[in-house]
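> Take a look at the letters that make up each chain.
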Amino acid sequence: MPEHHCSLCHIGLEGVGVQRGGQTLLHDVSMHIHCGQLTALIGQNGAGKTTLIRALLGELPHSGHIRHVDDHGRDIPHLRTGYVPQHLHFDKEMPVTVEDFMAAAFTRRPVWTGVSKKTRQAVEAALDDVEAAELMQRPLGRCSGGELQRVLLALALNPAPDLLVLDEPVSGVDQNGLRMFLDTVLRLKETHHMAILLVSHDLHLVREYADHVVLLDKTVLAQGSAENVFQTEQFDAVFGQGKEAL
Amino acid sequence: MDVIYGIMDAVLPLEALQFSFMKNAFLAILLLTPLLGLLGTMAVNQQMAFFSDALGHSALTGIGLGIVLGVSSDLLSMIVFGVVWAVLICRIKQTGATSTDTVISVFSSTSIAAGLLILSRGGGFAKYSSLLIGDVLAVTPADLGWLLMALIVGVVLWVQMYNRLLLTSVNESLARSRGVKTHLTECAFVVLVAVAVMLAIKWVGVMLINALLILPAAAGRNLARNSRQHALWSVVIALGSGVAGLLSAYAWDTSAGAAIVLYAAGCYAISLAGRSLLKR
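Residue numbers (our numbering), protein chains in the order written: chain A, 1 to 246; chain B, 247 to 526.
Bear in mind the hints are in silico, worked out from the structure with no lab data behind them.
Worth double-checking, as some hints may not be accurate.
Unchecked claim - The calculated lysine-lysine pairs, modelled on BS3-like cross-linking and capped at a C-alpha distance of 30 Å, are:
#, chain 1, residue 1, chain 2, residue 2
1, A, Lys92, B, Lys373
2, A, Lys189, A, Lys218
3, A, Lys118, A, Lys92
4, B, Lys427, A, Lys92
5, A, Lys189, A, Lys118
6, B, Lys339, A, Lys118
7, A, Lys218, B, Lys373
8, B, Lys427, A, Lys117
9, A, Lys218, B, Lys339
10, B, Lys373, B, Lys427
11, A, Lys92, A, Lys117
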């Protein structure tokens with residue numbers, strides 16, 4: 001049964017550190033991101049959350065090891081990550097539709113020559129999976145924050161990743177859009193059985209959605225279930241008043 | 247060439263096209279404008295109008311340096327310098343040290359000054375003034391060969407890089423997570439723009455080259471809803487303005503580059519009006 005096996009399947013960080021320009025951005029980060037679980041990364045601004053993500057995506061050189069381990073405890077050399085960025089900076093007037101954007105990621109045929117029927121079907125299926133099929137012909141610049149997050153999620157899920165990284169997908173999205181987004185993520189967690197790493201500032205949502213919480217400040221201060229982590233001294237030290245609001 | 251001229255006489259029996267210099271100019275426009283139209287779409291979407299403007303100015307330095315170093319071909323020294331210059335800006339931009347705007351401005355003014363310093367030595371800048379306004383009537387059959395090659399190579403590269411460039415322009419980390427070499431892609435694009443601009447400068451002129459790259463794409467953007475329409479409109483407007491401009495310049499006995507750009511500007515004005523109709 002998958003539940004039984006997947007306690008072993010994970011992305012494991014062992015003593016990961018990142019140095020840049022003589023500064024230590026991260027040191028001795030050790031944690032597991034399990035398949036079929038949503039792991040939340042919390043911490044203040046500047047705690048190194050984005051740095052950790054960039055190291056995971058292979059964008060920053062790092063010390064230590066990042067291992068991808070399968071159900072049987074064997075190393076898998078390849079780690080396919082799906083990434084949903086925090087925000088997009090692009091020209092809102094650009095005549096590029098959601099379909100163009102996704103087709104550009106799916107195929108080599110340049111989208112200025114048009115989109116083939118096969119690609120169109122693939123794009124439609126991907127959007128359908130996140131309940132966003134109606135956005136297909138919408139220009140990218142005319143999508144709301146929440147709609148863009150869905151499009152980016154659809155993109156991140158195709159091809160199916162081993163690790164889905166959601167970089168604070170909350171900014172610029174209203175509460176309703178956010179819940180819809182996370183409910184979709186939760187559904188996908190069950191059906192696709194992938195490891196999910198969520199970076200978030202919203203502790204309410206973390207408590208509600210995360211299976212595992214990692215508190216970061218240059219290194220791992222505490223990790224475990226949300227209940228446990230929220231009761232640690234380290235959590236108090238980092239969030240102080242934030243805690244009383246919970 | 248005679249075969250091509252013969253075909254042109256049969257298909258386009260225009261009085262203006264009876265001379266072979268007009269035929270050459272006409273063919274040059276047919277080869278150059280579609281490439282500029284295509285590249286322009288991305289230049290406009292990435293808000294690179296200022297960059298390509300500065301790139302055009304660097305042609306002066308390229309020629310100047312070519313003369314100092316004793317390079318026989320103007321075009322060669324322009325292209326080599328333009329490419330080096332474009333890669334340099336691209337790399338500096340990617341380090342994220344200074345704002346792009348400022349970097350480009352510094353490069354632009356430096357290259358104009360250096361070019362003028364060399365070319366005006368001994369009071370002789372007048373003989374380079376054709377560089378500023380261009381002369382499309384001076385195209386030779388050999389030039390047409392080069393332009394044809396540039397069009398083919400340019401379009402092939404454009405087919406290869408477009409999707410990756412589009413992803414990169416929306417979000418770099420996202421593009422990288424999908425295996426796009428974003429820095430390489432960006433630099434390849436500016437190099438391609440640099441080569442296309444340098445090839446066109448002799449015919450269109452330093453002062454107007456940027457308009458030919460930006461205006462058709464800017465007009466097309468007002469009318470298009472997706473990437474395909476954008477490319478289509480941009481190429482059609484570039485081609486149409488090019489042909490109309492050339493024929494008008496012949497009729498009015500004036501600069502072809504200027505006439506072409508004015509037609510493109512007219513298209514832009516119309517597209518602004520059309521935009522409100524199409525998008526509502």
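> Going through the earlier hints one by one, which of them does the structure break, listed in rising order?
As far as the earlier hints go, 1, 6, 7, 10 are violated by this structure, in ascending order.
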